[in-house]
Amino acid sequence: MTGTIDPTAPKETIPEYLDADEKLFNIGMWVGIPAQRSVLDEYDRVTGYETWTEEEYLEQYQWIADAGFTIAAPPLGTSSPDYILRMLDAAEKVGIQQIIWDENVNTILMNSSLSDDDAMAQVRRAMVSYSDHPAFFGNMITDEPQMREYEALALGEKRYKELFPDKMYYLNLFPVVATSDQLGTDSYDTYLQTYVDMVTSDYLCYDHYPLLPDTGGGSRLVDDFLYNMELAQKHMAESKGEVWTFLQSMGYSIKKDPNCEEDFRAQVGAALAYGLRGIQWFCYYSPNYGGAENFTPAIITLDGKKTEKYEMLRTVNQEILAFDDVYLNFEWQRVMTQIGKENTKGENAAFNYLTVTNEHERIAGLECDYDTVIGVFQDASARDGFLFANYDAPTSENQNKVSVAFHNCTQVIAYQNGKRITLSVEDGRVEFTMEAGDWAFLIPLNV
Amino acid sequence: MRKISILLVFVLCLLTAVGLIGCTGPTQVSEDGIVVENEGDAIYYKDAVSPTVLKIAFTEAGFGREWIVEMSKQFVRENHDVRVELEGDPTLANSLFTKLDSGKNLADIFVPLNSAWETYAYKGKLEPLDELFAQKPDGEDGLTVAESMDEVYREYCSLSTKDGTHYYAFPWNTTVTGIVYNKKMFRENGWEVPTTTAELKTLCDRILADTDGAVKPFAYPGKIGGYFDYIGTTWWMQAVGLESYQSFWDFENAEIYDPSQAPASGKQVALEEFEKFFKLETGYGVSGSMSKDHTTAQMDFIRGEAAMIVNANWMETEMKTSTPEDFEMGMMPVPFLENAYTENGEPVQYNYTTAPDYMIIPAEAAQKELAKEFLLFSVRADMLQLYTRLTGSPRPFQYTIEDDANLTEFTKDILKIREESVCYFDFSRADIYMKGYAKKYLNGGDPYSALVRGEVTPSRFCNLEYAEADKQWTTWVQSSQ
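Chains as they are written, first to last, in numbering that gives the first Met the number 0: chain C, 0 to 446; chain U, 0 to 480.
If we strip away everything but chain U, and leave its shape as in the complex, we get:
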């Protein structure tokens, strides 16, 4: 997997330069006549007559809505005959497939969090995007969409269906995961950012000692699945290397779950490392974290009850309204295991980008061509820069930001981790996986909560997984054909 390089270049803040001259209730009109109703529910040019309506339903979660509002404003600014209507829904991924299946409540563009879009491509419910992938958003001298895109996303967006092999999905965001930490607290206490798990362990003990236990090393949202896996999967990749980790996702046989050999040996190593920091008895976690959701746990961190929290690049934006002005948020990469996989004698830094979020155009959308125009517009260099500036997050395309003056320190950390890491997310088209038989974690899902509670050990969990896979593999293969 190649490393993605992002130079920091200047972001021309063209949108904030446009002052607001009118504000009546929830409707705002900019000097150049762009009307924004109710924080972006509708965006149109003030003198437009019967504009074409482009409906965009997006996940209004960690990244908020400013990015899509500002992008839509610019799109309308350049296309006075278009009215963009935005619908923010934090749980869009859950309702998306009913919309596609029923053909009701269809937007022209859906922007959900990760979910199995392939099912609907197979059913002919998604518009192929091949022509869009071949277009050059920055003019003839630039790269095509496909060329500009991270390789793993290009693979992910392509699917072979009865209609041939086509691109059906379009990358929205790419994630950077790691350990978010309180920079000011670290600085004031003389705590160093750890680079190895041994250093992390020492740091955790020191945090407790220096604060008499008033500050815990970690806040975490035990009620919400997924966050623990950011650190767990990174350690898994560190333990066996990316090539071996990727071989797990080929799902070739039950031995991929055998903890006595790679890749599953790496899983066991990762879970053992996880246990050292998050088992309740360690005392490293804020009390009651197992019953907290992400917002509550993040508030524990913001309030200074913990020095660190395993999280991702959306956290700063997500917590913007609750974060004190003098709070300094940073992100460190996941520290290296003692025996981390090396290349040329150096441990390889991995960034687990988690399951990908994407954009799709329904085959039955009313404005498919206009939707494609918007997607192309969204990956123009200035729009990519705008996106990163507003969300603190990269998109998986090649673009540069020369001047980081408009970026927060947190965003700079994010971009640095992405630049210095080998990025990867879980992804498989193996039938046995697509049909829901073989999974990343067997026997009821990931083991993190059970490990925290001490209800299972890493070796027992891995052994049970292997036993289950070994017992069921033939049936799974037959059932998934």
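For reference, chain C alone in the conformation it holds in the complex:
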């Protein structure tokens, strides 16, 4: 398996952005720091609430920044004007952005009985205390709307963007597994397309939590995890809008509580292979424990302490940030899939959902020991980039050896889990090994 060199192929240069630090990948969350932390008894029951001291509150925000988050979310529910400013000030001090949940603003934005001028004037007044704050990222509008809400959301979006074109009118859509009753339509395709047609084509954010317990104590990803990404990207293809998603940082219902770095990293690898421009972790601060959905603790406990998952998540987030200037200089094009040589079934149910073309003019040959997703990218200078995400089970002990031969390739710039690695190139062929959950980005160059 070797690549060929076409003597007439144009020479490529080493990208100028490899050492840049200008772009920032969006890493957000669901459930930020509440105004008060819970006091728990020996059974982890809430027995009361305590107000943070300024020092404690700032420490919570410092933890968010240290863990690699670039955007903090508000706590559940709308925030008071004072608390909005407290969040923004804390976010600014630790150098991150803040989303605001201000139901008063949302109500005005979507009020169709108001003229646009009246609504925008009222919104401007309602947001005057924070709209110019340097840490203000945007407004949380709604979560998982039914399709019938799109008309009002579209009205709000038009008004909001006229007032604050650089801020995010943030809403999150249902996943592919939502029922027709939840969606308000029989078709998820229709749900997404109508959102794009009516609300916005700038971005599409949805939540599909993939981590399940596997037999024997490990974990696996739901079969339609990639499929949801494919559908989201399909609906952003024309507008070149960004796809954002939520990933899973806690257990609930039948979903597994992630308990190793690989559980986090495998989700990230898939999201990067699909060219997503924003990930958000569900949840950061624990919303509650148990309840109808059997929530496990999130990254931070109800009483404001770090769980063991904090360091795992910090590591995985920092891997993205170590590489985000390279990643964000590329534009995602599509995905390829490769069934591993060790896959005796010869198929992967997750791949069966996808519509892919497993050929690329740059790739002469490709072999993987285990199933792999390959994101295809190109930068502004038409350099190719390929993001390999190991799609073996996140807790697999297998090593996925990948051999890939590129045409017109004399050098490969490579990153594995965000860290620059050196790969030797022989006749256009490189080899590297991925552990469970690993991802690697390769830029083949004809220099």
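Everything labelled a hint here was simulated from the structure, so no lab data went into it. A portion of the hints provided could be inaccurate.
In silico DSS-like pairs for lysine-lysine, Cα to Cα no more than 25 Å straight-line [as the list claims (entries may be wrong)]: (1) K233(C) <-> K103(U); (2) K233(C) <-> K122(U); (3) K344(C) <-> K367(U); (4) K415(U) <-> K200(U); (5) K161(U) <-> K371(U); (6) K92(C) <-> K305(C); (7) K233(C) <-> K124(U); (8) K135(U) <-> K54(U); (9) K54(U) <-> K371(U); (10) K103(U) <-> K344(C); (11) K54(U) <-> K344(C); (12) K54(U) <-> K340(C); (13) K45(U) <-> K344(C); (14) K122(U) <-> K278(U); (15) K122(U) <-> K438(U).
Okay, the calculated beta carbon distance ranges per label pair [unchecked claim]: (16) A429(U) <-> D302(C): 41 to 47 Å; (17) L142(U) <-> D188(C): 41 to 47 Å; (18) D162(U) <-> D188(C): 20 to 26 Å; (19) G123(U) <-> D20(C): 53 to 59 Å; (20) D188(C) <-> A429(U): 28 to 34 Å; (21) M298(U) <-> E430(C): 43 to 49 Å; (22) E341(C) <-> D249(U): 52 to 58 Å.
The model shown is predicted, which means the values in this text are computed figures rather than measured ones. Cβ atoms here follow ideal geometry from the backbone N, Cα and C, with glycine treated the same way.
Fit chain U to the known structure of chain C by using the hints.
The following block gives chain U in isolation, referenced to the frame of chain C:
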């Protein structure tokens, strides 16, 4: 609701009589040439040439896979031109609808746990099964599938869609819920199986006293929803009677949530009874149970840290590999409330069979007719008997088991409870329910965890439910039309 009678008759163990003569790696070949690859991933006749492939995706959970492997082996034994391919997935119900919607990863038969198949019948994604329901699995002298089936399942499997009224679902398993207990521990300590909640309370105190607290009355999986509802709903039915309980599921008006009158008064009674046994302060539960999943809690019970656990008929099979040989597992029916609903002066024993598990054939399946043949085969008397023997669980059809020699003591308890109980599961086709507005429990779901933690009282929970329903009912009705 009629009581289902199951006589115990002899199970001809035709499958275990077939010895294994070949075993190379994960592939086994029986004397009569049935090949089983990798514990049932593929099952076919050794000399079959281009057999027709029947794909069955099933929930590999509490009942394991032995039942479907053995059933498939027998099917192949009788149909050498068929190759059965099994795919076990503990979370099939979660991925099923993406499969149906996308038309990808379709099996010929899906066997999921309870989930809203009706949505996909409305969308034309399910194959109607009317002809199958009219067939007689045991020959012309036997009953049709529909006649043999429990009435409530027959109702549940039928749906009116734009294509008319058809059967779209096929019952898989019926559940028996109750309190699983450690028979040996009970016997050695002289503890009696309680028949009333007062006796249960006395027993709980005695367990703590006799063991100095080393053994707790209950293990429970606080992380997993649903288990508490087995006992809660049974007490609700006991409190008001089945007819009243069923009226809740008609969802006629907001008053069904009014705790001052039936049926909701029964809900409050049930939750109050629940609190007496499971509130943390009672000390009746194994420490840390609220953060345990079902397997961990069941292991607490198996290890003897608790004498009882609220559970269902799959528990013995589910825990088979972790249960010591001398462990004696039994199941008792949920004890009667003090003022339980009576008929002819006797309290009525209810079995809450929980949400039904089922089988479906996708409209786009490659082998629909063969799939129907398999479903029909699966309810032949010998296959029903086989199922019960291997899973310890009944299916909701009329069949008999004359000799219980092959049944475990636990299975005998299960069958006895089913025989002696009025069986019922929650089921409604009211628009306001189907559209997700009115629910069994409002305001975020069932209250059991909150009751355990003392975060809500039964009366407050019920009052808040009624207030919410009263406030929203008109909107819900309009939105669900």
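**25 Å limit on alpha-carbon distance, applied to hinted pair K161(U) and K371(U)** = holds, 22 Å
**Request:** Starting from K415(U), check that the Cα of K200(U) is at most 25 Å away, please.
**Result:** Roughly 24 Å between the alpha carbons, so the hint for K415(U) and K200(U) holds.
**Message:** Please verify whether K233(C) and K124(U) have alpha carbons no more than 25 Å apart.
**Reply:** holds, 24 Å
**Prompt:** Does the Cβ distance between D162(U) and D188(C) fall inside 20 to 26 Å?
**Reply:** The hint (20 to 26 Å, Cβ to Cβ) holds, given that D162(U) and D188(C) are roughly 23 Å apart.
**Asked** Taking the CB of E341(C) and the CB of D249(U), does the distance hold inside 52 to 58 Å?
**Response** holds, 55 Å
**Request:** Could you say whether the range 28 to 34 Å given as a hint is met by the Cβ separation of D188(C) and A429(U)?
**Result:** holds, 29 Å
**Asked** How does the Cβ-Cβ distance of G123(U) and D20(C) compare with 53 to 59 Å: does it lie in that range?
**Response** Hint holds: Cβ distance 54 Å, inside 53 to 59 Å.
**Request:** For the pair supplied as a hint, K344(C) and K367(U), confirm whether the alpha-carbon distance does not exceed 25 Å.
**Result:** At roughly 23 Å apart (the allowed maximum being 25 Å), K367(U) and K344(C) satisfy the hint.
**Prompt:** Does the structure keep K233(C) and K122(U) at a Cα separation of 25 Å or less?
**Reply:** Since the Cα atoms of K233(C) and K122(U) sit roughly 23 Å apart, the hinted pair holds (cutoff 25 Å).
**Asked** Taking 25 Å as the top limit, are the C-alpha atoms of K45(U) and K344(C) close enough?
**Response** Holds, at about 19 Å.
**Request:** Hint says 43 to 49 Å; check whether the CB-CB distance for M298(U) and E430(C) agrees.
**Result:** holds, 44 Å
**Item:** K103(U) paired with K344(C) [C-alpha distance capped at 25 Å]
**Value:** holds, 16 Å
Against the hints set out earlier in the document, a violation occurs for number 14 only.
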